[in-house]
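Build the full structure now, drawing on both the sequences and the hints.
Taken in sequence, the protein lines are chains A, B and C.
Sequential numbering from 1 applies to the first sequence in the numbering used here.
Sequential numbering from 1001 applies to the second sequence in the numbering used here.
Sequential numbering from 2001 applies to the third sequence in the numbering used here.
Quick caveat, the hints were computed from the structure, so don't treat them as lab data.
Hints are supplied without guarantee of correctness; some may be wrong.
To be verified - Result set (DSSO-like, lysine-lysine): computed pairs, CA atoms no more than 27 Å apart in a straight line:
hint, chain 1, residue 1, chain 2, residue 2
1, A, K303, B, K1424
2, B, K1798, B, K1293
3, B, K1764, B, K1375
4, B, K1390, B, K1293
5, B, K1375, B, K1293
6, B, K1297, B, K1390
7, B, K1764, A, K316
8, A, K202, A, K303
9, B, K1766, A, K316
10, A, K303, B, K1434
11, B, K1297, B, K1375
12, B, K1029, C, K2095
13, B, K1375, B, K1639
14, B, K1434, B, K1424
15, B, K1075, B, K1429
16, B, K1429, B, K1375
17, B, K1434, B, K1375
18, B, K1075, B, K1225
19, B, K1434, A, K316
20, B, K1686, A, K316
21, B, K1605, B, K1429
22, B, K1605, B, K1293
23, B, K1424, B, K1686
24, C, K2095, B, K1013
Stated by the list, open to error - Chain A stretches covered by chain B per the calculated footprint, using a threshold of three residues with CB under 8 Å from any CB of chain B:
hint, segment
25, 130-138
26, 303-311
Don't be surprised by glycine CBs; every beta carbon is placed ideally from N, CA and C.
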Amino acid sequence: MLRLPSFTYLQPRTLEEALAMKADAGAEGMYVAGGTDLYPNMKRRHQEPRTVISLMGIRGLGGCETRDGGCAVGPCMTLTDLCSHPTIRQHYDTVAQAAGLVSTPLLRNMGTLGGNLCLDTRCNYYNQTYEWRQAIDFCMKKDGHICWVAPSSPRCWAVSSSDVAPVMVALGAEYVLVGPGGERVVPAARFYHNDGINYLTKQPDEILCRVRLPRPDGWDAVYHKLRRRDSFDFPVLGVATWVQWQPGNGKRETGRVAEARIVLGGVASWPQEVPEAGAALAGTSLSDEAIAAAADAAYRPAKPMDNTDFDLSWRKQMTRVYVSRALAELRRRRSAR
Amino acid sequence: MASAERGLRVVGKALRKVDAAAKVTGTTKFADDLFLPRMLYAKLLRSPHAHARIRSIDTSQAAALAGVKAVLTGKDLPIPFGILPVSQDEHALALDKVRFVGDPVAAVAATTEETAAAALARIAVEYEPLRPVTDAGDALDHPEPRIHDYGDLGNVHKLIHLEFGDVEQGFQDADLVREDTFFFEGSTHLPMEQHAAVADWSADGKLTLWSSTQTPHYVHRALAKVLELTPARIRVVACPNGGGFGGKSDPFSHEIVAAKLAMVTGRPVKITLTREEVFYCHRGRHPTLMWVKTGVKQDGAITGMHFRSLLDGGGYGSYGVASTYYTGALQTVTYHVPRYKFQGARAFTNKPPCGPKRGHGTPQPRFALEVHLDKIAEQLGLDPAELRLKHLVPPNSITANWLRVGTMGLGRCIEKVVQGSGWKDKFRKLPTGKGIGLACSSYITGAGLPIYWNPMPHSGVQLKCDRGGGVTAFCGSTEIGQGSDSVLAAIVAEVLGLDPLDVAVVTGDTDLTPVDLGSYSSRVTLMTGNAAIQAAERAREIIARHAAAQLDVSPERVAFAEGRVFDVERPERGLTFADAVQLAEAAEGTVGTVGSYTPPPSPGKYRGAGVGPSPAYSYSACVAEVDVDPATGIVRVPKIWIAHDVGRAINAATVMGQIEGSVYMGLGEALMEEMAYRENRNVVHKIPSLLEYKSPTTLEMCDVVTYVVEDPDPNGPFGAKECGQGPLLPVPPAVANAVYDAVGVRIDEVPITPEKVFKALRRKEKGEPGRFGPAGFPDIAWPAPTRVPPPWEGGDGKAVPLTPGASPGTTRSRKPRARARGQ
Amino acid sequence: MPPPPAPAPADAKTKIALDVNGEPVEVAFAPHKTLLEVLREDLSLTGTKHGCELGECGTCTVRVDGMPVLSCLVLALACAGRRVRTVEGMAAGGKLHPLQDAFAELGAAQCGYCTPAFLLAAEALIAGNPRPDRDDIKRALSGNLCRCTGYIKIYEAVELAAARMRGERAEPTPESLYGVR
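Below is the structure:
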């Protein structure tokens, strides 16, 4: 049996209590929500907190309420609850869809929105037991000095493997963080770093306490996921596409794109937005040519490395195909409206 | 068997398995479910090096840790073992050398598993790394440093060269000669249960080991050898296995270590492997490179076949010599091959050892052969189903390599899947991206020879008839989920006219049960079944004698059914089975009988003839339908039609389960399963986890239409042949052939991943051959051939002496025949 | 090289009360233990199996407050006051649960190792959807691996049990038990 190391487990009821517990525990304390990311990592000795502080008992970190036309979601909502929440399904079906593609139904019953947004970056030189990592002389993400994916690299190339994060970045969602110094709001895009080790701008003692989704007014989004199996597997490529349709005069819309964002998951240490790809769509009606141009633009910066499932050159090739297909779906959704 | 002629009441029905209630309530005790008082927990320290000499081991820090009760190293268990007598090359803990990342080096027993793990981290091992051998090609290129100090050539473990008739003449007679190369990637069994063992040592010098093993008898022998105990003082109990598929068929380090730790500490010791460690036990499918050259006439009749295989064996012998022979053995039992030549080689490499996985050594050549035939059919302009149907091996015949084929239901299997799938309307007629492919196969129903040479039966059954009417069947066979306990109960119940639930089965326990060689090579239903029939018929004879006297009829008129023993001509005249047993017991004493089974001798008498013979061959035909996305290369398999010639189903529902399960495992190998290593990083296993080793989920599994073809074989119990392995074999080639039908590219490699399809499609677009597969087969210094004339050339199954000086090879082929047996 | 992982100290046990299969239970264990470990090692409920302990196979599925979850990734401490249901709680009064009965009838349990997990995941599915179609079943069970059956007998057993639980008189089809002849 692969077992957890020993640690102290704390179950605060309020945010204040949690922050105080973390302050007491110092660097050896960690927050946990569903545990589906942290506990396997602890069993493999990736993280070795001496104190684990559960956020699941904190009232106010769950639920979902509508505010200013937008929606604020509690990060401790399980992915299963998120998928089935009526507001999310009605106005943010892409969020529900991405959440529904995470791992397995059982893990979605346990794993949370916040957990998926803060998911540790992944790498198949890293997501291994201590003994396995010892056989490769460890890597820089834990216990070692070299990134085996790119041995001359000064930084770690572990991969952002969240399904929901690229969607949040594409939507322009905002995260509300609470720390010892109070509350701050961070745009989703600025929550992530392109670094496999320091992949979040969140400070270790800060708690993600709300995820604000923008008002559903004339935009649409689609998420496509590439992986070996339709269950269990993390994305080796995620494509989140978002378009704001131009408002027309009066009731008629022009059918043209005002603004677009394309964000890739699984190809970098953060959800990788490709502004050139979005720009290629502005003013178009998602014609085949515009889609091809955007797909081409998205293909160029995608930099999959040899540290996930599948051959990396094929994964890069697939960027074009998956971006095209996601955009084509957006176009279909529009004409079906 | 005489019994098969009568009306059957139990055999053939879809009855609940005798252990079904225990399985669905979670009460089945798997090895890790055993908790004994004062039990210690053991863990193994494994090598972080792929290939290294051990300079020193310091265990003092570990031994000093509170809670640690014993620490072992290789010096404590210096006697080698191995499943085959010809490759006794394993040590429970590495003695002086490690041969793969994960090779066990030391062991700890402690009061908790956490403490044992902590103690491992305090063992200091000094290694002197050696150049690792990364794959079979590397082994050919680098004979030094040697992984083992035995083997046929450098790092080549085994070389085989067999020739049955003049193949070159066959090629000259052909209208078309075609050569292809194929590669079949290694894969592992991945049973959901991680191996576990519990050992107990009693003060009177007796050892008991409970283990998730498919082969308690072989574990018994290995324990006796390594621990230097008399077998009479060792009891091995095979717990029900939580899946085996061949992965629990070797004696393992952890079993021996648990036993030794129990002996040293005087306390029960449990060891349960982690999932990662299960990957290191491995013994799975050998990665195999293959080259095949076949001559055919215009109508597809084969005139000669030359087959070469190169197996990547990993760090130890395991079943590898047998596996190597198996890659050449069964090419001849499906379509008539008049002249046949086989050259096989197995290399040692610094990876977890390969061995027997479902289909043992035969899915690889079957993939090659069936895709090769698909290409031949296309070149000849023949329908591949028709080509196969026209040239089937006739029933009751002997093949070029001297295998005796009995019943042969492949023709009916092909007809079933061709008709059921709508083959004729679909083949080469579906729109681009959709495809259909066909492949066939055959598998042994039990190996004709035991693993170590001996003239004793392969399976024994003992019956005890109780005064209360219950019957207990004792047999060494091992329940691994395939339903062997239920087959045993069903057969005894059939012969004695009982309900299977009135038959208690005691299996897989070397103290309690007569030897059965184990749950491997699809042997149990046939061999245990025949032994059970013999034991039950002997019991019936005793009971019938006394019932007949009571009923005042001749014993021949006594029938057994529905728990009664009665006059067959006046069925109302009879007595209960219990009363009949009591009459017999009163007259003769305790009613108990034995039965045993030994396979018929094989007609082949040459060195190497020990692998391939079987009392009966099962046959399968498969049609796969695929959807291929040309933009990505992603292949999905919505549906498979499979027909399997099982001879006769003993339990129809269990047969269905075995066939569907075989299709599942074949599909996994066809599409995604792969043992992958980091050659540049110490040859570590790239993905030793259930997440990254891709086993199909419910969302990848296809629909399956199963046709059960029954053509009772005289050698099988009630005519039964195997069904647990054979139906896996045709799945990968059927998928490959369907991919070609869908998008016109040949993927001559398993698994058929999207990357490979994508690359082949791009090549095709560029006007290059639309193929992905190995470029060629390396030059190997084959030994001189063992030449055996096929039956139709007047041979007697023996090798003919080589003409002196005719061939530069060794004299290996002239060694005494007895040495070849048991491989 | 970094120091080896720290040895586990003999943690002081913590006691919790919870409901296991409808019975109130008090159990003491080291705080880092998972629900899986406590069920098997401290409550002797070995019906719950394990295949990886990393959430990668589904073999350790149990229901907590009705929801099927992976007991290898649930801390036992987090289960204080909650309802845990394991395979041991399914059969009642010496009678199999309809799902267990259907699994036995169709041979949906081969080696039986993943079976408890499939039963609990299927039970939760039917609780929320008494009439699941084949795709519903595939999706609901897509977090549970089985290496023996190819899942087909499992689907059929879930369909059969669901029909019976709806009060229908359902029987397996001849094709599912005997194949196409």
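Compare the structure with the hints numbered earlier in the document and write down the numbers of the violated ones, lowest to highest. Hint check: 1, 10, 15, 21, 23 fail, others pass.
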